[in-house]
Structures are given as structure tokens and as C-alpha cells.
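Q: Sequence:
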Amino acid sequence: MTDVIGAPADVLHTLFQSDQGGHEQVVLCQDRASGLKAVIALHSTALGPALGGTRFYPYATEAEAVADALNLARGMSYKNAMAGLDHGGGKAVIIGDPERDKTEELLLAYGRMVASLGGRYVTACDVGTYVADMDVVARECRWTTGRSPENGGAGDSSVLTAFGVYQGMRASAQHLWGDPTLRGRKVGVAGVGKVGHHLVKHLRDEGAEVVVTDVRADAVQRILDQYPVGVTPVADTEQLIRVEGLDIYAPCALGGALNDGSVPVLTARVVCGAANNQLAHPGVEKDLADRGILYAPDYVVNAGGVIQVADELHGFDFDRCRAKAAKIFDTTLAIFARAKEDGIPPAAAADRIAEQRMAEARAGHTAH
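The opening position of the sequence shown corresponds to residue 16 in my numbering, with each subsequent residue numbered one higher.
Calculated directly from the structure, the hints in this document are not laboratory data.
The reader is advised that the hints may include incorrect statements.
[Said to hold, decoys possible] Keeping only pairs whose Cα atoms sit at most 30 Å apart, straight-line, the calculated BS3-like set for lysine-lysine is:
1) 342 x 301
2) 342 x 355
3) 342 x 216
Kindly generate the complete structure, drawing on both the sequences and the hints.
A: Given below as C-alpha cells:
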């Protein structure tokens, strides 16, 4: 069944009736001249303007694009709340192949669409978009972050994303083994692109043994050239999650890494990575807990990037951001403590803390 806009009715059901919905606003954008087709989803502005990146991806269907935007925007509300930012959650997806469809005209048209929201949504980079793209978008829209330093931006946010994930790993080690050091630990990193390669550097600098894989052979080769010692490549993620003696598994590629196929065979005691939406469906967090695997919630540990781009709105200061991202260590420990106290998985504990912060903000609005 489809309705007048050609989006399957289940998307509208998700939006208005399901627990996954509750979004304030969803904007379908089109610019025929440039070929732009985009979805901007604002989940919540309770804590402030919605902040979240722009994903440029060749979705199989428009419905899939809308569903992804809804999920990602909701995730950003929780991420921004847990990162202590005065921002709600939003996300945009541009439908198309970035290698083929991305043009200056399309990005400018997209900038005009974001600008039309008048500051309710602040955009940044995500899968398929880069600093150079945000510089183009910013020509039409002042609510653009993730720009180059030459254009008043913070540049590549993956530096602090990796730093935050590393802090989450240290907190996991502290919680599980009573010591935050990762020296001598075996860490598997799936995806050594934008964020993953910075993460490998932190791990090697501390003396961890690293096992890597990536769909791109050149990305793996770059790591091996950089670290001739202490890094072992494996063919794929399937092999990586089964590596014997793995202490920590870091999914740093696309979402859904923790699913009914991977959780039962995972050898690692900890999962802590940069990928968004790692839990393939509700219930996976319980499967991990049942196997005694400690899960550091993805949106908590990968918040370094959003901390960095949010800072651009106040005149970017790297040291201030790094200090804020370092607090991911304490936040992660607090979540593990809350999970233990409430007898629930860490993912549920993080959700509770984030929901509490959003609810308090909404209550504050109604009080005025």
C-alpha cells in the first residue's frame, strides 16, 4: 500500500504511531534541476536546534531513505543528550551515488533546503559527504558545520570521533578488568577508513595488538604501511569476529554489525566501536549481556565528532573539544554503573539517562 507521495504507508505509521517515531518534523526535498532528492528528519529540538550529519547514499528505495533518516535522527537526539550538548537530534539523507551524482549545483540546492528551516536543523558530514562538500553547502546555509578551517570550520571530525571511541574502550577495560590500560589487549577493528585509522593509531600508541579488516584493500594497506608491527589483517568481518583471544571488537563501518548471526560467534569480551546503530534490532543488547559481552553504547562512545562540529557554532577551539570528548570515559563508566544498578543492559541504561535529560528539557519549556 502506498499513499499519495508514493512512500509506503509503513513509513507514515513509523512516524506517527510507533515507538521509533515521535519525530517533530520530516521534510522531503527535491530540486529537479540539480537532481537533488533528500530527506531531512528532525527528531527533537527539546535541548536546542537539531544537529546531525548529511548521509549521501544510493538507497534502493525512497522508503528505505526515509526510514534511515528517521532512525539516524532519533539516534542523534540520544547522542547529543548523552554528550551534554544543547542540541536535539536531526539527520539528512541525500538519495544517490556520491561518486556519480554529487555536483556543486546539487549541494547548493541542498544548502538552500537546510537554510529554509531557519536554524531548526544544523548539518554536518556523514557517510558520503566530506569537509569540502560542507564548504559548498555553507555558501547557501549558515547552519552548516564540519567545514574546513579556511572557512571557519573545525575540519575533519573523525579525529575526535576516534578519540572518544578510544576513551570508551578505556572505560570498558576499567569496568571489566579493573584497569583502563589497553596495552597487550587484542582489539579487532572492522573498517579502517575515516575514523578507524585514527583509532588504530591510539591503540598502537598504547601498545595494543590490533587486527584489522576493511572492504577496501587500499585502506588496509595504508594501515600496514604505517604499522609494520602489531597489526594483523584478516579477510573480512566474519573472520575478524571469530579471531581467538580477541578482547575488544570495534565495528567502525556501517550499522547493524551486532545481529543474530554475529553475536553468537563473537569471541570478544567487549564491543566498543564508531559505527552508528550497531544493534541490528531490539533485543540484541540482551543477547550480548546474556553472553557476558560488555557493550559500550555506540552513540555514547562515537560522540566525539558531534562534540567537535557543535563547537564550530561558538568559534572552534580544538583543545576545548578534546577535553569535552575525554569525558566520554566518565560517561561510559556512569552508564555501566547505572546498568548494573538497574539490572539492565548498558544500551537501555544509556537510553534512560538520555530520555531523562530530554524530558527535563521539555518540562523546562512548558514551565516557561
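Q: For every hint, state whether the structure bears it out.
A: Hints, verified against the model:
Restraint check for residue 342 and residue 301: the C-alpha separation of about 26 Å stays at or below 30 Å, so the hint holds. For the given pair, residue 342 sits about 20 Å from residue 355 by alpha-carbon distance, which is consistent with the 30 Å threshold. About 20 Å separates the Cα atoms of residue 342 and residue 216, which keeps this hinted pair within 30 Å; it holds.
Of the numbered hints given earlier, the model fails none.
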